[in-house]
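Student: As a plain string of letters, each chain reads:
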Amino acid sequence: MTLLNVKNLNVILETSEGIARAVRDLNFSLEKGETLGIVGESGCGKSMTALALMGLLPEMGKTTGQIELNGENLLEKSEAEMCKIRGNNLAMIFQEPMTSLNPVHTVGRQIMEPLRLHMGLTKEEARAEAVRLLDRVGIPNPRERIGNYPHQLSGGQRQRVMIAMALSCAPDILIADEPTTALDVTIQDQILELIQALVHEEGMGLILISHDLGVVSENTDSIMVMYGGAAVETGRTDNIFDELVHPYTQGLFAAMPKLGRAREARLVTIPGTVPDLVNLPAGCTFTDRCPLATEICRNTPPPIESIDARHAAA
Amino acid sequence: MSDVQSTSFLSRCRRSRSFVVGGLLTGFLLLCAFVSLFWTPGSAYDIIITNRFLPPSSLHWLGTDQFGRDIVSMLMTGTQNSIVVAVVAVSIGLSIGVSLGLLASARRGWTEELIMRFSDFSFAFPAILSAIMLTAIIGPGGVNSILAIGLYNIPVFARLTRGSANAIWAREFVMAARAAGKGRFRITFEHILPNILSIIIVQATILFAIAILAEAALSYLGLGTQPPEPSWGRMLNEAQTLMFLDPMQAIYPGLAIATAVFGLNLLGDGLRDILDPRLSRKR
Amino acid sequence: MSVFFAKRFLTLIVTLIGASMVIFLVMEILPGDPALVILGVDAPESAVVSLTKELGLDRPAPERYWDWISGLMQGQMGNSYAYKVPVWELVEGAVLISLPLALMSIFLSVVLALVIGLYAAANHNKAGDITLMGISQLGISIPNFWLAILVIILFAIELRWLPAGGFPGWDEGILKCLKALLLPAVALATVVGAVLARITRSSVLEVFREDYVRTARAKGLSQRATLWRHVLRNAMIPVLTVTGIQFAALLTGTVVVENVFHIPGLGSLVLKAINNRDTIVVENVVLLLATMVITVNFIVDILYAVIDPRLKAHDI
Numbered sequence: 001m002t003l004l005n006v007k008n009l010n011v012i013l014e015t016s017e018g019i020a021r022a023v024r025d026l027n028f029s030l031e032k033g034e035t036l037g038i039v040g041e042s043g044c045g046k047s048m049t050a051l052a053l054m055g056l057l058p059e060m061g062k063t064t065g066q067i068e069l070n071g072e073n074l075l076e077k078s079e080a081e082m083c084k085i086r087g088n089n090l091a092m093i094f095q096e097p098m099t100s101l102n103p104v105h106t107v108g109r110q111i112m113e114p115l116r117l118h119m120g121l122t123k124e125e126a127r128a129e130a131v132r133l134l135d136r137v138g139i140p141n142p143r144e145r146i147g148n149y150p151h152q153l154s155g156g157q158r159q160r161v162m163i164a165m166a167l168s169c170a171p172d173i174l175i176a177d178e179p180t181t182a183l184d185v186t187i188q189d190q191i192l193e194l195i196q197a198l199v200h201e202e203g204m205g206l207i208l209i210s211h212d213l214g215v216v217s218e219n220t221d222s223i224m225v226m227y228g229g230a231a232v233e234t235g236r237t238d239n240i241f242d243e244l245v246h247p248y249t250q251g252l253f254a255a256m257p258k259l260g261r262a263r264e265a266r267l268v269t270i271p272g273t274v275p276d277l278v279n280l281p282a283g284c285t286f287t288d289r290c291p292l293a294t295e296i297c298r299n300t301p302p303p304i305e306s307i308d309a310r311h312a313a314a
Numbered sequence: 315m316s317d318v319q320s321t322s323f324l325s326r327c328r329r330s331r332s333f334v335v336g337g338l339l340t341g342f343l344l345l346c347a348f349v350s351l352f353w354t355p356g357s358a359y360d361i362i363i364t365n366r367f368l369p370p371s372s373l374h375w376l377g378t379d380q381f382g383r384d385i386v387s388m389l390m391t392g393t394q395n396s397i398v399v400a401v402v403a404v405s406i407g408l409s410i411g412v413s414l415g416l417l418a419s420a421r422r423g424w425t426e427e428l429i430m431r432f433s434d435f436s437f438a439f440p441a442i443l444s445a446i447m448l449t450a451i452i453g454p455g456g457v458n459s460i461l462a463i464g465l466y467n468i469p470v471f472a473r474l475t476r477g478s479a480n481a482i483w484a485r486e487f488v489m490a491a492r493a494a495g496k497g498r499f500r501i502t503f504e505h506i507l508p509n510i511l512s513i514i515i516v517q518a519t520i521l522f523a524i525a526i527l528a529e530a531a532l533s534y535l536g537l538g539t540q541p542p543e544p545s546w547g548r549m550l551n552e553a554q555t556l557m558f559l560d561p562m563q564a565i566y567p568g569l570a571i572a573t574a575v576f577g578l579n580l581l582g583d584g585l586r587d588i589l590d591p592r593l594s595r596k597r
Numbered sequence: 598m599s600v601f602f603a604k605r606f607l608t609l610i611v612t613l614i615g616a617s618m619v620i621f622l623v624m625e626i627l628p629g630d631p632a633l634v635i636l637g638v639d640a641p642e643s644a645v646v647s648l649t650k651e652l653g654l655d656r657p658a659p660e661r662y663w664d665w666i667s668g669l670m671q672g673q674m675g676n677s678y679a680y681k682v683p684v685w686e687l688v689e690g691a692v693l694i695s696l697p698l699a700l701m702s703i704f705l706s707v708v709l710a711l712v713i714g715l716y717a718a719a720n721h722n723k724a725g726d727i728t729l730m731g732i733s734q735l736g737i738s739i740p741n742f743w744l745a746i747l748v749i750i751l752f753a754i755e756l757r758w759l760p761a762g763g764f765p766g767w768d769e770g771i772l773k774c775l776k777a778l779l780l781p782a783v784a785l786a787t788v789v790g791a792v793l794a795r796i797t798r799s800s801v802l803e804v805f806r807e808d809y810v811r812t813a814r815a816k817g818l819s820q821r822a823t824l825w826r827h828v829l830r831n832a833m834i835p836v837l838t839v840t841g842i843q844f845a846a847l848l849t850g851t852v853v854v855e856n857v858f859h860i861p862g863l864g865s866l867v868l869k870a871i872n873n874r875d876t877i878v879v880e881n882v883v884l885l886l887a888t889m890v891i892t893v894n895f896i897v898d899i900l901y902a903v904i905d906p907r908l909k910a911h912d913i
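Protein chains in written order, with the numbering used here: chain H, 1 to 314; chain A, 315 to 597; chain F, 598 to 913.
The following label-pair restraints were derived from C-beta to C-beta distances: (1) V645(F) / L511(A): 47 to 57 angstroms; (2) S667(F) / L351(A): 52 to 62 angstroms; (3) I610(F) / V335(A): 42 to 52 angstroms; (4) I361(A) / I834(F): 52 to 62 angstroms; (5) E14(H) / A822(F): 18 to 28 angstroms; (6) E427(A) / V600(F): 13 to 23 angstroms; (7) I834(F) / G147(H): 17 to 27 angstroms; (8) E755(F) / P355(A): 28 to 38 angstroms; (9) L696(F) / T186(H): 57 to 67 angstroms.
In case anyone wonders, no lab produced these hints; they're calculated from the structure.
Heads up, the beta-carbon is just placed ideally off N, CA and C, and yes, glycines get one too.
Only chain H is shown next, with the shape it has when bound in the complex (with noise of 0.2 angstroms):
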């Protein structure tokens, strides 16, 4: 049985400008150990994307679709359902670990906070687990971290206290959205090792988003990249690096710095900005900004068309 089963996935906000069909007709899967990027520019719905999953818009967003976590579809399900779902079967780590922990608490309180409302664990059986897992992610000195308030702790560790938090009800899937953006370079590589070390040991699903073609190229399987709320390009990681078909999807490529040619070559943008979810355009919503635009694009949204069995493109 499939993980993860994701059908016409749409989330609609309304805002007082009008209606943002902030994500448009979704569909994806994730298998047990699989790892999915989903890439794309801020405001392209990535975030919305992984927020629709755990349902926890905001009070004005509206999803509809078919979420199958397991077989059964979490839109169906009541709030006190999805709560018990909520970090013991699908877990999520943040973008900024410096405002995602709660300053007047301590870390160790926190991670137990998961442990004893999904497992039922006394105070004491939490308290170990948290050690364990604080010494599982990397941070020293776990006994005496627990006692720490967020702000004790630098900006990497606070993001491996969230992994913990994460994974501490060993959760089926772990998404995680933009986890090593707020931190440094060095730092990234080291939290990504991690996320994946630990997602192949517990053998989970794992849903990495990025705005970065680079960290998702070398740390997934499969690859769907996002645009003004649709997913312009999906398929294994390795067949989209071999044919770049999408437009959208060759111009993040060029877009992405590369060692070794960083000096002499500009950086490369793609012109424009992301469209306005709440006008969107008629046909397809990369033409603004497109270099191949013809006159079609602008009044006929693009098919979908399968290249191969594992690669697909609008």
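Fit chains A and F to the known structure of chain H by using the hints.
Tutor: For chains A and F alone, kept in the frame of chain H given last:
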């Protein structure tokens, strides 16, 4: 560019309900005070014992008090008193407080420390407490209450000014001005003051409301405006002794105070929305 | 903690000394001779001089300031000019009424603020929220002594549920006394409560937008559990600040409202002292009230650190 700004400014004014309602109420207050300078429906001063406790009529819209004075006229004349006290008291606090705050922020070091510690002490003496101290020695009176409220306003303005000025001093354009060799006082007047003006205006509006409340309280205690000058607080004091006889008399002056304060608070809220949209969204 | 505590405690002491100096200086600078006041304007010159000597007013100011403070340390405030009894005797009974009244009011207003503020935040932008915030905006604008008169008219005169004023004295039984203090406390608490309710609401709403609230929800905590375990404690920080500031307003409000209800607390005492030109009583009562304000703000400072561990780290 400035045209675009001014239209959006006006439309923001119109869109802010607090500003419109608060502005109308405050305008009404000013109008009452202004009209009462020339005309009142009856007399707020003449004691005609035969006219005491008259019910509302076309001649006396809200009736008369125990001395036969016309209540509407007293309320209208009382507006003058409240406005004068509030204007003078807030001006005292504004001029001295803002100057001290700007000075503290421009000089830093021991000047700042001294001014801020001093305002710490004065925080322990709210308006009514300082008024009590003043009147204990120089006797009750309108001027004393103005002085007491004004003194209380100084540290409030000083703190606010210093806090917001310090934030502006840290901004890039001030750095640039300093790098260009401009003096501290020039920068204060060219860059700091214009940037904190909106915050000060909002605070002044709110302190205006607080001053009206404090004046009413002092007059109620008999420490503020003295008879026969009509004031809302004084009217409440006199009405309280008649609570069993004519409770309505205790309603009107309080209603006048509440309306004035309500209007000014709304105006302050509205001004904050308009002058500093970022701040209001944060709230 | 100890460094933090010591620093705050030092600030408390310095502020108290500063406040007492301010009071002393104001009393010193302003005109008015206590001896003349006691004896009357027509008193013979020699009597005034000898009384001045007797009261110790001919000695230099620093010496008298020191006497005042060292006397206070030993619990002595000197003798009232008007009643010729120790000031402390007058103050003691008044404090035992004013302090319970102030505490009762602040307790009522905090409870009121939490209930209204949390309800409004939970029903953000719905009818209940908008109505409550409209009412609280009105509540802020009402002078507390007018509200006091209104509740007397309603509960004492019309409904006859509670006494219109006066205070039976603590020997008459606690219940009777609390009943007498209830209306004044309600009049005081409504206004302060309205201010605090608005702060509570906006503060809770703001904290609900924080990233760590999303984290808590992602762990599987329900909305309600998140509110209690993660939001409330953070949201209390600004509420606490304003409570500290409002305590000063509440205390001076006590002075006024006590007079509405004819309750023999500090407010009534100080007004009587003003009428009698009993400056020594005024001086000591004002210092006492200022001390209460300063102490409450000291407690607020300490509570900050209890709530927010970042503050302690900042200070060390």
